[in-house]
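Undergrad: Put together the whole structure using the sequences plus the hints.
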Amino acid sequence: MAQDLDALDKAILLDAGFLQPVIKGWYICSNPADRQGDSTSWYANFWCFVEGYLKRRFGDRYCLSPEASLLLHTGKTVIPRQLVVVTAAHGTDVVGLPFDTSLMIYPDPKRLPQEASDSTTVLDGLRVWSVAAALCRSGPQFFKSQRREAEIALAMVRDVSTVISALTTLANPTAAARMAGALEFVGRKTEAQILIKALSTPGKKLYAKNPFEASTPTLIGSRDQSPYVLRLRAMWRDWREVVIENFPSAPGVPANTTDFLKNVDERYASDAYNSLSIEGYNVTDELIERVAHGNWNPDSDMQHQQDRDTLAARGYFQAFGTVKQIISDIFGGERLSDAVRFGHQLWYSALFSSAVSAGILAPYQIAGYRSGPIFIRNSLHTPLPRDAILDSLDELWRLIEQEPEACVRAVLGHHLFVFIHPYFDGNGRIGRFLMNTLLASGGYPWTIVRVSRRTTYMNALESASVDGDIKPLTVFLKEEMLQLPLA
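Here my numbering is used: position 393 in the sequence shown is 393, and no number is missing along the way.
Hints in this document: simulated from the structure, not taken from any laboratory.
Note that the coordinates shown come from a computational prediction; the quantities given were computed from them, not determined experimentally.
The beta carbon of each residue, even a glycine, is placed where N, CA and C say it ideally should be.
Nothing false has been slipped in among the hints.
Here are the simulated DSSO-like pairs of lysine-lysine, each with C-alpha atoms no more than 27 Å apart in a straight line:
no. : residue 1 : residue 2
1   : Lys-55    : Lys-10
2   : Lys-110   : Lys-204
3   : Lys-471   : Lys-144
4   : Lys-189   : Lys-144
5   : Lys-478   : Lys-324
6   : Lys-55    : Lys-76
7   : Lys-205   : Lys-189
8   : Lys-110   : Lys-209
9   : Lys-144   : Lys-110
10  : Lys-204   : Lys-189
Simulated restraints on C-beta separations:
no. : residue 1 : residue 2 : range
11  : Gly-332   : Trp-26    : 51 to 61 Å
12  : Arg-35    : Ala-88    : 40 to 50 Å
13  : Gln-365   : Trp-26    : 28 to 38 Å
14  : Asn-459   : Ser-145   : 21 to 31 Å
15  : Gln-365   : Lys-24    : 32 to 42 Å
TA: Right, dumping it as structure tokens:
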């Protein structure tokens, strides 16, 4: 807030680009290197701003709406266009925020938890309803428009007693019928009957009413405390048929694996140029060839030692060789999930080992997964928090192992890896290595994502992460694999 800064300091920081105005009297930290219209700083600071703004303005006398509470509980990774906040007093207010986001604030003491209630909690610094209480108070439209989040929230309810308690406090038979129907829909019929018996009264029996429009659930009988694991599971089950419908059938593991791997080798130079260029490295065919043939000497050539692009090209060359070996191991019978579970860590190490050898990175900087948050430039999607990475990757390898269709493994494996974003750097390159390894497991050819189609590629990833639509990415990867003429 403005009064937290000395006027001169504020002016200097604003002029230098380290501060960015949000609304009158409120600022966020920003990067002076950001271009005009760059939304990254705002999306990265969105939740911290909301936390500080609501606490400063309302203290503890507010709560996110039940629906907004559930989106936070279920780990929805998309910055909301409008966040609904309920307060004890004050008038209705829409606070316009940067990049077409806003806060909708309105007073409704009846929609606020009572002081003695245990139905609220603080999550990421924000006051929210508990999962059970929020489910009971969410309207029927939430179960239709936010089906995945509703199913994830139900799976996070470990015992029906918490739902019964929330419904007893709410005293709303319609909500009780809706919750009984929701539990039946996700395969928890015994608990639905317990709820009905507990809340039915003499002469007024409760009947379950399914609030979902879908015919079958995504998370049948699931119970898990990690919303991120549940989200990955739901995305995979929701999307696999879309991928199958829009991707060619797998040719099968080639009879002559030597020729297949030779073809992979032949695509190296083009793949390295395009993959590195997508990530912003300035590489040339000459540099790719020089590195591939060993004409790189960081010990005697200071330019090579310090050249970021050369180090990236060298790392890519080393990682590519490791990927090829993993594919060979899979053809030789190695279990697929084990191959990629351990293989992706080898690829990451190879990508950055040259930078470590040159003294640009310390060894600890490439050990393990990221230790903090990360944000994707101009994306509404926020990668998973660091404490969710291990469980989420475990779930990804499990999903890959259980999936019989190679196209599903490749498309969804690639997307969900970059959706998790387990590293500070290299996620895109490793995601494409993973995609090609999984394509190879079904006999599909090595596929190059061309830098000339970078915008289409990024938009397709955004459509999947933000809009929940996997078809654009599926079609895009099919086109890149087949190199179809572009319209």
